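Residue numbers (our numbering), protein chains in the order written: chain P, 1 to 185; chain H, 186 to 284.
Hint data in this document are derived by calculation from the structure and do not stem from the laboratory. These numbers come from a predicted model, not from an experiment. Be a bit skeptical, because a hint or two may be false.
Unchecked claim - Pair ranges (Cβ atoms, derived):
(1) H:I238 with P:K54: 18 to 28 Å
(2) P:F180 with H:S198: 39 to 49 Å
(3) H:S244 with P:E41: 54 to 64 Å
(4) H:S244 with P:Q14: 33 to 43 Å
(5) H:Q224 with P:E41: 45 to 55 Å
(6) P:P181 with H:E210: 39 to 49 Å
(7) H:M186 with P:A66: 19 to 29 Å
(8) P:E116 with H:S198: 55 to 65 Å
(9) H:T227 with P:E41: 18 to 28 Å
(10) P:G144 with H:V226: 46 to 56 Å
(11) P:K39 with H:I238: 24 to 34 Å
(12) H:N187 with P:N58: 44 to 54 Å
(13) H:D232 with P:Q14: 54 to 64 Å
Ideal Cβ placement from N, Cα and C applies to all residues, glycine included.
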Amino acid sequence: MNDLEVIHCYLEFQASECFNVLYDRYAGKIYAKCISILKDEALAQDATQEVFTKIFLNLSRFKEKARFSTWVYSITYNYCIDFLRRKKKQKDLFSDELENAPELADEEVSDKVLLEIEITQLKKVLENVPTSDRMVLLMKYQDGMSIKEIADILEKTESAVKMKIKRAKAKARKVRDEIFPEQLV
Amino acid sequence: MNNFEQLLEEEASAFDAHKRQQAREGIISTLGSYKLIGQLVTVFVPDMINVLIAATGGSQTTAADGEGKIPRQGRPPHLGETPPGLGPNLPDDGFEDIR
Numbered sequence: 001m002n003d004l005e006v007i008h009c010y011l012e013f014q015a016s017e018c019f020n021v022l023y024d025r026y027a028g029k030i031y032a033k034c035i036s037i038l039k040d041e042a043l044a045q046d047a048t049q050e051v052f053t054k055i056f057l058n059l060s061r062f063k064e065k066a067r068f069s070t071w072v073y074s075i076t077y078n079y080c081i082d083f084l085r086r087k088k089k090q091k092d093l094f095s096d097e098l099e100n101a102p103e104l105a106d107e108e109v110s111d112k113v114l115l116e117i118e119i120t121q122l123k124k125v126l127e128n129v130p131t132s133d134r135m136v137l138l139m140k141y142q143d144g145m146s147i148k149e150i151a152d153i154l155e156k157t158e159s160a161v162k163m164k165i166k167r168a169k170a171k172a173r174k175v176r177d178e179i180f181p182e183q184l185v
Numbered sequence: 186m187n188n189f190e191q192l193l194e195e196e197a198s199a200f201d202a203h204k205r206q207q208a209r210e211g212i213i214s215t216l217g218s219y220k221l222i223g224q225l226v227t228v229f230v231p232d233m234i235n236v237l238i239a240a241t242g243g244s245q246t247t248a249a250d251g252e253g254k255i256p257r258q259g260r261p262p263h264l265g266e267t268p269p270g271l272g273p274n275l276p277d278d279g280f281e282d283i284r
């Protein structure tokens, strides 16, 4: 059964099997995203639980305009963003691109550069870029979200998101070159 | 599947069975609590509203009464179970003339 069929089944019959199908499909991925953003296993587990509760309480509101996975991940990112804002008492987690002038050359990094990074190296690179950059890279390359979808989640304009992605790619390449200099040979 | 997606699959598998089950139980418990609260509200709130209305002297309505309220004072006596505060009209025993 695809996601939509499972959702309709759950909404109609409240069947626990449907709950289990959705849970088994997405729990691990939500946990992975939460731990990537929050960097703490206990927090990630609590976040997974909270996110899933939100998903099931609001399942009837899913309008099927976007993929279900996009909707699930948008709830996940919003939860993590809210958590980090409360924790850091920082109103705009994504304001750093305005405050920290980029020291990087204003050169467009191609997607190919990032997509060719080996998985263990990619994990290390993502751990060492700022949280906001990591998030936009995950949204774009891991979740396949459109610029508009990312802009809606971050409550930014599409042009701001494009600039954010451009700078995030540049930072990721810089971090990769620093951590794995042998790649430059 | 690109490297980012492969990374997600790998990290998702790190969500071990014990943590997965703990989180599952927590979610089911929370959803169950919400469901119980919803059921309590559905069952008791209409009755509570009727009690408040009755206490303030208004007319009670039931969900079955689709045609509006029945005034309290014109109501025929209950022939069945007597509700509190209302008693049946006693039949004329004929002794009034003698008293």
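Notebook entry, point to check: Hint by hint, which ones does the structure fall short of?
Noted result: 1, 2, 5, 8, 9, 10, 11, 12 and 13
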